[in-house]
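2 protein chains.
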Amino acid sequence: MEFISGVIPKDDLTIEAVLKGDYVGQTVKMRGAVHNIRDMGEVAFVILRKAEGLVQCVYEEKAVDFDLKGLKEESAVEVLGKVVSEERAPHGFELHLTSIQVLSEPADILPIALNKYKINTSLEAKLMLRPVSLRNVTERAKFKIQEGIVRGFRDFLMTQGFTEVHTPKIVARGAEGGSNVFKLDYFNKKAELGQSPQFYKQTMVGVYDRVFEVAPVFRAEKHNTTRHLNEYVSLDFEMGYIDSFEDIMAMETGFLQYTMKLLAEEYKKELDMLEVQLPDVSRIPAVRFDKAKELVSEKYNRRIRNPFDLEPEEELLIGRYFEEEYGSDFVFVTHYPSKKRPFYAMDDPADERFTLSFDLLFRGLEVTTGGQRIHDYHEILKKMEKRGMNPADIESYLMIFRYGMPPHGGLGIGLERLTMRLLGEQNVREASLFPRDVTRLEP
Amino acid sequence: MEFISGVIPKDDLTIEAVLKGDYVGQTVKMRGAVHNIRDMGEVAFVILRKAEGLVQCVYEEKAVDFDLKGLKEESAVEVLGKVVSEERAPHGFELHLTSIQVLSEPADILPIALNKYKINTSLEAKLMLRPVSLRNVTERAKFKIQEGIVRGFRDFLMTQGFTEVHTPKIVARGAEGGSNVFKLDYFNKKAELGQSPQFYKQTMVGVYDRVFEVAPVFRAEKHNTTRHLNEYVSLDFEMGYIDSFEDIMAMETGFLQYTMKLLAEEYKKELDMLEVQLPDVSRIPAVRFDKAKELVSEKYNRRIRNPFDLEPEEELLIGRYFEEEYGSDFVFVTHYPSKKRPFYAMDDPADERFTLSFDLLFRGLEVTTGGQRIHDYHEILKKMEKRGMNPADIESYLMIFRYGMPPHGGLGIGLERLTMRLLGEQNVREASLFPRDVTRLEP
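The listed protein sequences derive, respectively, from chains A and B. Per the numbering used here: the first sequence = residues 807 to 1249. Per the numbering used here: the second sequence = residues 807 to 1249.
Mixed in with the good hints there might be a few duds.
Because identical chains share one entry, a pair is satisfied inside a single copy or across any pair of copies.
What the hints assert, rightly or not - No more than 20 angstroms apart at the CA atoms, straight line, and that leaves these computed lysine to any residue pairs for SDA-like:
(1) Lys1146 with Arg960
(2) Lys816 with Asp828
(3) Lys888 with Arg979
(4) Lys835 with Leu1101
(5) Lys996 with Arg1025
(6) Lys826 with Gly967
(7) Lys932 with Val849
(8) Lys996 with Leu916
(9) Lys932 with Ser1050
(10) Lys989 with Arg1025
For the record, the hints were derived by calculation from the structure and aren't laboratory data.
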């Protein structure tokens, strides 16, 4: 009988292993994709692409057991070569090749040059070719940073006593309502794709006090803008026993502080490659919705058209205001009008036209919506009645209030928007591996 | 201007804080839900439910500023009490109450007794009341262990150079085919919910060499069994530069070893509560599909009906065989028939009727399907042609082979099935917070 007893050790090296070990002068084995071949006649440079970075390999005809003419870019290879210190090479070393073994070959030549530092083409073309354009080193660096953001979110919340949950994405119809939902037939029942794990994460506060989820959400919004995706990854948390909705903003600030530190420490290579300056998140200003409107109206000489709504342009100006006045890339805008918030948002007892809620703007773009929720059964029924909603439609959600819920609140962060702003990208599609928009269902 | 500068320190304590600190004899503040009130006349026990466990509070009428008659189970409260060592209490201490402040109250009495150790009712009733039945301590312990499995998966793969990715769940029609797909209208285009991130994770191997994803998958299977869910969480990984499909089984074994250790160390409380014995995963037997059929046919005197298929009963017997003969709860069944595997599975060059693939059975239940994939463009086209498939339908997937892919393979693990078997549950619904099956779309 054969037995499998754990990870099989390999004798090919990662870049990290070469850097950590004492390999200079030694012949080592490495694997990777042929990223670039630069034939200079006497000598050629074969650049190997590995997950962690690029490796410069020096090919001299007489030294290697393989004819360079037979080598194709994007082949997967295993090479043997002597490690030589070389300041001008990536990571400070190169391999002087003695052997190349081709593990697999492409059938065709790439339709765009991926081995340039940046891909020199339109977003549209990049997205069409996404399955291969992501192989470009600056393209893939973006999503490495995105990985770091998600890690930061989870790891930080774990230190704060949160439990990770997984809630369903196919949900019954009529939950949060609105027209921006994708509908589907679920064994002859009407179902929807979840716009948010809202009801479920609140439910789980009754179970674990503090919970989080990282999962896709779906919005059938028809506008095709630089800020909207029809499917995106939502970083959600919800916490019980809060004293006020400030606790939620404070927790988000803690997440940002933790994550910027993590990125600086473990994603430096990618940050440098993309020339990303991490924002200062030591303190984030918080301003009331109505006050924010006043401030930008005064400073930028802009008439307030609707006191109960915030236009995208106003968001940009609020962002600009707090950048100029306080040097902050972030600003919490608090006390959104009740009319603009869902029924479960807690109204401000001091003025019920407003809610105990907030958005977080990052360089003028909303990246988070959050706030305190109603926890009292009678209160939520009253609010639903006011809005003409039928409690019977969401009975299993209302059950949690009926049988008791602690004061609580939470938020949802749009991962792609946060990534986009951090990277200084102008289109949210740049921050989604395979974006879904009104016209894009593939790749 | 107000500024938010990070997590706001609180003066109420967690159970862990009380256990770590030197609080005996001191009055402390704690928050939680009133899990149980046992009124013994002179004295009453008020059990507080917190995320981390239960706290026994002793209520003596004269000592407390609050009338016990006014206290309801499932209220959220803040209490003050003196910490007293008490062996018989959970965690070895109790609070002698001096103050109770009600933070919120239920509107109604719970329809089932949640404060018993186990809920004494049918699965059906538990699921109907899921939003509150999960508050039961043994119910919630299951999903804490599930959290540990997911953590183990991610943390282990991070140590092995994998990158986390997020791929879309709304996909174009005609991808993997089959009738078990949920269909939806996507802005007047036909779309489906992803049955697996298969194409995307393979694509990302060309980018990061090794990738993983934890995300929901959707299967419109009509059978209502104890093993099937229509939406579940899939733990997927895919790795490039493999030498054989054994590398994938080895990586999975490594994951299981890492995770069992993590559970033993950090989820001991929950494992003890549910009396879970962690399986030995130091080595896992691997047996060929045809050989496995022979072995159980001989040992259990069972005729082989179809040499190219494995019935659920046969899976159970294979599990039993390896438990009896080798003391193993797990067994890899390898070399599945080509007919039973998708077109992208790599056929065994030694016998093309079989594939370089495997299932992992855990106590007789398939919890993983994996294997080596075709990486050569011409080879995958040939296989598609043989099956009457049209390459134009999945052009953006085929792009990755056309422009070069390393040898690679991967797997998908059903989180709920793995959890179910680990917990010794008989129904996969016990291992899903809010299960989706043919009849269940709520809660």
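The hints, checked one at a time:
no. : hint                : result
1   : Lys1146 with Arg960 : neither (29 angstroms within a copy, 38 angstroms between copies)
2   : Lys816 with Asp828  : within (18 angstroms within a copy, 50 angstroms between copies)
3   : Lys888 with Arg979  : neither (63 angstroms within a copy, 49 angstroms between copies)
4   : Lys835 with Leu1101 : neither (62 angstroms within a copy, 41 angstroms between copies)
5   : Lys996 with Arg1025 : both (17 angstroms within a copy, 16 angstroms between copies)
6   : Lys826 with Gly967  : between (36 angstroms within a copy, 15 angstroms between copies)
7   : Lys932 with Val849  : neither (33 angstroms within a copy, 72 angstroms between copies)
8   : Lys996 with Leu916  : neither (45 angstroms within a copy, 30 angstroms between copies)
9   : Lys932 with Ser1050 : neither (45 angstroms within a copy, 33 angstroms between copies)
10  : Lys989 with Arg1025 : both (11 angstroms within a copy, 16 angstroms between copies)
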